[in-house]
Amino acid sequence: DAGITQSPRHKVTETGTPVTLRCHQTENHRYMYWYRQDPGHGLRLIHYSYGVKDTDKGEVSDGYSVSRSKTEDFLLTLESATSSQTSVYFCAISAGQRTIYEQYFGPGTRLTVT
Amino acid sequence: QQQVKQSPQSLIVQKGGIPIINCAYENTAFDYFPWYQQFPGKGPALLIAIRPDVSEKKEGRFTISFNKSAKQFSLHIMDSQPGDSATYFCAASGGTGNQFYFGTGTSLTVIP
Numbered sequence: 150d151a152g153i154t155q156s157p158r159h160k161v162t163e164t165g166t167p168v169t170l171r172c173h174q175t176e177n178h179r180y181m182y183w184y185r186q187d188p189g190h191g192l193r194l195i196h197y198s199y200g201v202k203d204t205d206k207g208e209v210s211d212g213y214s215v216s217r218s219k220t221e222d223f224l225l226t227l228e229s230a231t232s233s234q235t236s237v238y239f240c241a242i243s244a245g246q247r248t249i250y251e252q253y254f255g256p257g258t259r260l261t262v263t
Numbered sequence: 174q175q176q177v178k179q180s181p182q183s184l185i186v187q188k189g190g191i192p193i194i195n196c197a198y199e200n201t202a203f204d205y206f207p208w209y210q211q212f213p214g215k216g217p218a219l220l221i222a223i224r225p226d227v228s229e230k231k232e233g234r235f236t237i238s239f240n241k242s243a244k245q246f247s248l249h250i251m252d253s254q255p256g257d258s259a260t261y262f263c264a265a266s267g268g269t270g271n272q273f274y275f276g277t278g279t280s281l282t283v284i285p
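Chains as they are written, first to last, in this note's numbering: chain A, 150 to 263; chain B, 174 to 285.
Hints are supplied without guarantee of correctness; some may be wrong.
[What the hints assert, rightly or not] Over the 12 Å line for every Cβ pair with chain B, so calculated as not near, a few chain A residues:
#1 Glu163
#2 Gln186
#3 Gly191
#4 Arg217
#5 Lys219
#6 Ser232
#7 Thr261
[Unchecked claim] Under 7 Å between C-beta atoms, here's a sample of chain A residues computed to sit facing chain B:
#8 Leu192
#9 Tyr213
#10 Val237
#11 Phe239
#12 Glu251
#13 Gly255
#14 Pro256
#15 Gly257
Rather than coming from a laboratory, the hints here were simulated on the basis of the structure. All C-beta atoms, glycine included, are put in the ideal place defined by N, C-alpha and C.
Please construct the entire structure, taking both the sequences and the accompanying hints into account.
Here's what the structure looks like:
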């Protein structure tokens with residue numbers, strides 16, 4: 150599992166509330182990613198980070214923000230959760246000597262927005 | 174716009190058969206093409222990957238075929254087993270960005 154944990158693993162929240170998901174890695178990898186997985190869409194990149202305090206947007210970043218204050222932690226925040234953000238969220242790290250190479254995923258967080 | 178197009182959406186084969194999953198891409202800057210396997214309730218797991226300087230790569234029963242001129246690559250699973258039943262995703266990355274682009278997935282069922 151490349152030393153990746155995600156918390157919480159399951160969450161139910163109400164529309165309009167803020168939600169923060171945490172990704173933690175133990176192997177000091179530079180690159181970390183947040184994806185969402187929805188039926189018929191595969192995995193879509195939300196945000197990624199290439200170092201402490203260095204982040205960039207992916208293809209579905211609207212409504213999400215991220216922070217990385219330590220190498221090991223990458224936080225995803227839904228500023229005001231909506232039902233369209235009901236999804237399974239995966240964190241990933243990129244492990245390899247090149248800029249991007251083998252990517253390994255965490256176990257996922259299932260988020261339900263009611 | 175889907176950067177990587179994957180087909181078929183689902184596939185059913187008999188044990189011992191050779192399922193083939195296809196992917197196509199447009200961005201010629203892509204230079205890394207991995208395949209992931211995902212079981213229900215789990216995160217995707219890297220299965221095998223190829224770079225465009227080779228046309229084929231084998232790891233165990235899994236083979237990637239790569240056609241650079243057609244901008245297509247495919248996954249073949251030899252002697253498929255019921256334990257191979259999972260969802261498979263292709264992906265591509267490279268160029269100036271640091272992003273991976275995924276196909277929409279193929280649900281494979283191997284019947285005993």
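Would you list, in rising numerical order, the hints stated earlier that this structure does not obey?
2, 3, 9 and 10
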